[in-house]
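Make a model of the complete structure from these sequences and hints.
There are 2 protein chains.
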Amino acid sequence: MIKDNNLYCIIMAGGVGARFWPKSRQSMPKQFLDIFGTGKSFLRMTFERFTPKVNSENFLVVTNRKYKDLVLEQLPEISPAQVLCEPIGKNTAPCICYAAYYLQKINPKAKMIVTPSDHLVLKEDKFHEILDNALSFIDKENILMTIGITPSRPETGYGYIQTSDSDTISKVKCFTEKPNLELAEAFIQSGEFFWNSGIFIWKVRDIINAIEKFLPEHHALFAKITDAYGTEREEEAIKEVFAECRPISIDYGVMEKAENVYVHIGEFGWSDVGTWGSLYQHSRKDKCANAIPEHGCYLYDTKSSIISIPNGKIAVINGLKDYIVVDTDDALLICPRSEEQNIKKYIDEVKFNDGDKHI
Amino acid sequence: MIKDNNLYCIIMAGGVGARFWPKSRQSMPKQFLDIFGTGKSFLRMTFERFTPKVNSENFLVVTNRKYKDLVLEQLPEISPAQVLCEPIGKNTAPCICYAAYYLQKINPKAKMIVTPSDHLVLKEDKFHEILDNALSFIDKENILMTIGITPSRPETGYGYIQTSDSDTISKVKCFTEKPNLELAEAFIQSGEFFWNSGIFIWKVRDIINAIEKFLPEHHALFAKITDAYGTEREEEAIKEVFAECRPISIDYGVMEKAENVYVHIGEFGWSDVGTWGSLYQHSRKDKCANAIPEHGCYLYDTKSSIISIPNGKIAVINGLKDYIVVDTDDALLICPRSEEQNIKKYIDEVKFNDGDKHI
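These protein sequences, in sequence, are chains B and E.
Numbering follows the working numbering, in which position 177 of the first sequence is assigned residue number 177; successive positions increment by one, without gaps.
Numbering follows the working numbering, in which position 200 of the second sequence is assigned residue number 1200; successive positions increment by one, without gaps.
These are computed hints drawn from the structure, not numbers from a lab.
Virtual Cβ for every residue (Gly too), placed ideally from N, Cα, C.
Please note that a few of the clues may not be correct.
To be verified - Here are the simulated DSBU-like cross-link-like pairs (lysine-lysine), alpha carbons at most 30 Å apart as the crow flies: (1) E/1345 - B/303; (2) B/351 - E/1285; (3) B/344 - B/23.
Stated by the list, open to error - Quick partial rundown of chain E residues pointing at chain B, CB under 8 Å, derived from the structure: (4) 1045; (5) 1217; (6) 1225; (7) 1298; (8) 1311; (9) 1313; (10) 1317; (11) 1319; (12) 1352; (13) 1355; (14) 1358.
Structure representation (structure tokens):
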């Protein structure tokens, strides 16, 4: 299949989430981890999800400068110039601005797929179909496309997108923040609400038009340094732009305000794997419903637990039910699955006492 | 205080017990561990317990050859010649024979204190008083002295010594194996039974007389190589003797049979620290009754647990009650305290699957 030379894939890989601590670290966030033990990190899986559609040289990975080497190590197919380094994280709008204004300079006809780097897609064929549909649509229409997931449960951890009709591709009525359980249940009942996957498809021209309109300060900052993109001056220029620009998400800054936003709905085994619970859900389980590595676990009277140990280490575990056990070289976590929302709090206490060493 | 140049201390340090796995290993058995985090191993604490009474050059440590370097590292005060190396463990009788026949050659007037290397003594002053009494006694009488501990609970994990009267030093009526709980309770009620500490005090001449009488084969083997002790030929000669000699404990082989056995009873905060339970009992606890290292443990809703982690590592633990958590570089154990008798079984399964690597 001939790939479209104007099609680019922007992988957003700057996250520093701590929810998978101690497996994820400031120095090794979730997107770089092979958390399922498949031999591939989330970033690698994301890259491979798009390579059937996008040329290797048409990928851009936007990440923090400190992860540049990690990205190049995990994606040897791309060149250092394809890693756009943020000096500091300022949420998704500045990240997408960087990629969009960069692309506008090198190819004004560019079409962009923007994707998070740390999500899971189980049904890749279905995903590719949706991608093809969405790309055809933006070829014809000057719109901003997002992908919405048919919800399978009243999840309170996701944002939702409300559609204005029941077509596969329909105009977005509104974006909503994470709902409470009651509201989430009402969303599901209505049939009008879909999970916001954070995957966007648009022409570079259209997103820049929208940024100019809804985030004029950002437009001014990123447009002003057009000369610098792809040159030696880029790093210095970007440093100044990021120092000045306001942190804001693309959803809040653009998508919720623009009139020409469409959603392509679908179901392709998607998860943001944002919690140990969702990781557990997507993992292979033993006969006692434990999600464990293939080797090294000796379990007795242990059920419905998720266990992670370093390669080559063994764990002998007796009497845990519904637990998370994560062992790494310098930190051990043992926590009931029902308490995982507290992991952030634990980390803060560790930080307070021991500094950043183990974080 | 002038120390008696004829007084020797024999530390038996050949044990390979697995009950403290994964903290104890075949390559690093319990006696070499600083399990309380005091900065001193059991062996080191044992050595220091006797140095007020015994000259450094009058210590002999009997151990397996593979632990020789460990012994010398932990006891830099002694010379390599003071480490008597067993080629293979054959229980306590051959161990004591080796030390006794060796001593008989270098000092026929030797008095021996024989002690395990991995026990705990909390009240050292009281222990030293008992030692002084016992040594005065064997100066005057040609007897074999053992030390019996006034029992504080119906312990089923220890052997007991029955006395024939209620004096501090009295003739032993009999030695008993580990009793069941009912019997242990009856022992305590009677006031005639004392825990067998495995500490012995005798003149070398007296123990050799007893060995000659009750373990004639052992006598023949160890007496035959008298010329070799302290020479280059010792290692080779001992290798042959150990290959031939029958494994047997000194209690079963000599103490239970000899007529001239006395026990000095006392109470000096003694424990063989043979289980995680007894280690827990003797450890400093936090306000939730957890025995934990000074640094690195962040506990939430966790009670009455014993936790061990490598230096410099941190552990975040939520929701464990009455558990043992032992983390080492290559093995992690999580087990209810009530299940600790199964640790041996777990190790066997690990061994069966993974070989000796983690044992």
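Any hints from earlier that this structure breaks? Give me their numbers in increasing order, please.
Checked against the structure, the hints that fail are numbers 4, 5, 6, 8, 12 and 13, while the rest are satisfied.
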